[in-house]
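**Q** Generate coordinates for the entire structure from the input sequences, incorporating the hints supplied.
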Amino acid sequence: MQNTIEKELQEMALKVREHIVRMSTGGGCFTGASLSAVDLIVYLYSEFLNVNALNLYSPERDYLFLSKGHDVPALYGTLAELGLLQKDRLKNHLSLDDYIYWHPNTRIPGIEFHSGSLGHLPSIAVGVAMDIKISGGDNKVVCILGDGELNEGTCWEAMLVANAYKLDNLIFVVDRNQFQANARTEELIPLEPLADKFEAFGASVKRINGHDFNALSETFNAYPFEQGKVNVIIADTVRGKGLPSIQERADRWFCNFSAHEVEQLLLELHGNHYTQLTSETLVVR
Amino acid sequence: MSYEELLTQTALADEQVIVMTAENRALVRNLPGILGKRFIDTGITEQTMIGAAAGLALRGRTPIVHALAAFLTMRAFEFVRTDLGIAGLPAKLSGFIPGLLSDANGPTHQAIEDVSIMRGIPNMTVFAPADEDDLVKMLPDVWQSPDPAYIRINTRKTTYNHATFEMGKAEVICTGIDVTILTYGLLFEQALIAVDMLKAEGLSVGLVNMRSLKPVDEEAILTVAASSQLLVTLEDHFVTGGLYTIVAEVLLKHQTTAKVLPMALNEKWFRPALLPDVLQHEGFTGKQIAETILGYQTAHQQPEILKPQFAE
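Protein sequences appear in the order of chains A and B. Quick note on the UniProt record's numbering: the first sequence kicks off at 1 and runs consecutively. Quick note on the UniProt record's numbering: the second sequence kicks off at 1 and runs consecutively.
Hints are computed from structural coordinates only; laboratory data are not their basis. Certain hints may be false.
Okay, the calculated beta carbon distance ranges per label pair [claimed, not checked]:
(1) A:L188 to B:G43: 41 to 51 Å
(2) A:K91 to B:Q16: 38 to 48 Å
(3) A:Q86 to B:S227: 55 to 65 Å
(4) B:G36 to A:D138: 12 to 22 Å
(5) B:G43 to A:S58: 47 to 57 Å
All of these numbers come straight from a predicted model, not from anything done at the bench. C-beta: ideal position from N, C-alpha, C; glycine also.
**A** What follows is the structure, given as structure tokens:
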């Protein structure tokens with residue numbers, strides 16, 4: 001990847017993180033959960049997927065399914081930076097005047113399907129990938145999964161079916177930030193050795209640093225990894241990436257900061273000192 | 001025409017139709033060879049099949065989806081509600097061996113709350129054919145509709161020749177002043193027998209086939225409520241949430257009332273056995289229905305009840 005492109009992506013990711021911090025007040029959002037997926041989503045929409053304002057509803061477009069619905073602030077921010085969603089609308093977060101709420105919905109241009117209930121979009125992505133195969137298209141289908149989401153049996157059902165139907169046009173990406181909602185995955189429901197599990201289900205698997213744009217570019221561009229095999233990318237990420245004061249903390253999955261804290265965190269994003277957080281974290285599901 | 005013949009004909013005429021099953025091929029045995037890639041068997045994965053059907057529907061397809069009614073409506077319930085209901089996608093759910101048609105399978109296979117839970121989903125339409133003739137008469141309209149649909153599949157053959165299907169309309173078989181039986185599905189067969197027996201006892205008897213449960217024919221319900229002394233809701237379903245509830249809702253919505261006798265499964269699964277014995281044990285033979293309505297024993301003979309074709 002050219003240095004200029006990498007720099008542009010990093011700048012966009014920083015802006016998306018700013019949007020997320022701004023959405024983490026007045027009701028809050030899944031701040032920690034979504035920050036881990038920012039680089040992934042920014043890369044996919046900016047570089048990999050053939051999705052833009054002109055082809056949003058065309059059957060020729062590529063598809064991104066955000067099964068880990070808690071990542072949606074990262075998607076709102078990315079869509080806003082790309083001009084698919086008016087930036088002004090982000091101010092309507094959680095307002096009855098708009099449809100920018102805690103989980104994805106298709107009233108937001110660029111969002112392919114609603115999610116929130118976990119383990120649903122793998123099978124929907126399978127259906128779309130099946131139809132592309134039947135129709136003879138060459139569109140790509142990407143489905144982002146949370147690692148905690150992998151507790152849901154339907155993720156594995158969909159993997160079996162994707163294998164049976166040789167869906168090499170489908171890429172599952174696991175946002176492997178090591179956390180379930182309220183606990184570390186390896187302490188609650190251990191997933192490792194994760195790559196082996198996917199391989200045992202018939203997938204072709206690559207594991208990368210999910211914050212490294214060069215690694216993302218190199219890996220996604222190697223798709224399909226093997227003819228006739230569903231692709232899985234395990235993207236190792238950090239919950240709360242970019243905000244050291246909430247990073248890798250189980251209790252900062254969902255955050256609802258005070259306006260003052262938001263200002264402090266925006267400074268922290270740009271490399272200033274850690275912020276002293278006093279707002280209580282809401283743990284909800 | 002059989003269900004499978006109609007499905008084959010429809011799928012061959014319309015490239016957008018995809019036939020799916022979660023490893024339940026009783027109704028679609030001949031289709032894999034005919035439809036090729038447009039026949040999709042996802043294995044024993046009702047939930048994933050529903051999600052994949054939603055994905056296919058997103059791309060403009062009409063998936064016609066097969067599984068046992070109990071698993072299609074309950075194991076996959078949240079997928080039906082979330083992936084099809086919220087999105088309003090036109091997948092068509094063929095629920096096999098619903099109600100008493102699961103006869104000897106036991107309670108795991110009994111779909112006797114399916115009407116209740118499916119009609120509770122916004123956007124979902126619900127149909128319950130009396131027999132195969134009724135089924136093949138309704139399916140062309142149901143499959144062409146833009147809405148998701150649940151069909152309580154009933155492929156039993158009877159000699160009754162049903163009227164043309166109209167979405168949201170009941171089929172009025174006959175009208176009567178003393179009593180009107182409202183029913184759907186398998187028990188239509190027995191209701192016909194009950195009607196004959198009641199008529200032989202001197203009663204003026206009506207019968208309505210409530211084939212379209214959602215949208216429901218409110219006018220037909222209000223008409224018989226006004227013209228009959230007694231309404232009987234007859235269904236192989238829990239008394240809660242099915243036709244008895246629908247009738248109650250319609251009457252209350254229109255601020256009217258009627259004398260209604262519910263004949264349904266009351267807070268219990270039915271006793272598994274072969275269908276003729278189940279009907280007898282649960283009091284759903286035509287003769288028993290007539291006797292329940294009359295309140296005394298008749299001298300009539302119950303005609304033989306045919307055993308079902310499938311034992312899945």
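**Q** Each hint: holds or not?
**A** Going through the hints against the structure:
1. The beta-carbon spacing between L188 of chain A and G43 of chain B, approximately 29 Å, falls outside the hinted interval of 41 to 51 Å.
2. A beta carbon spacing of about 41 Å between K91 of chain A and Q16 of chain B agrees with the range 38 to 48 Å that was offered as a hint.
3. Checked against the given bound of 55 to 65 Å, the beta carbons of Q86 of chain A and S227 of chain B, roughly 59 Å apart, stay inside it.
4. Separated by about 20 Å at the C-beta atoms, G36 of chain B and D138 of chain A satisfy the suggested range of 12 to 22 Å.
5. Range check, G43 of chain B to S58 of chain A: about 32 Å between beta-carbon atoms, so the 47 to 57 Å window is missed.
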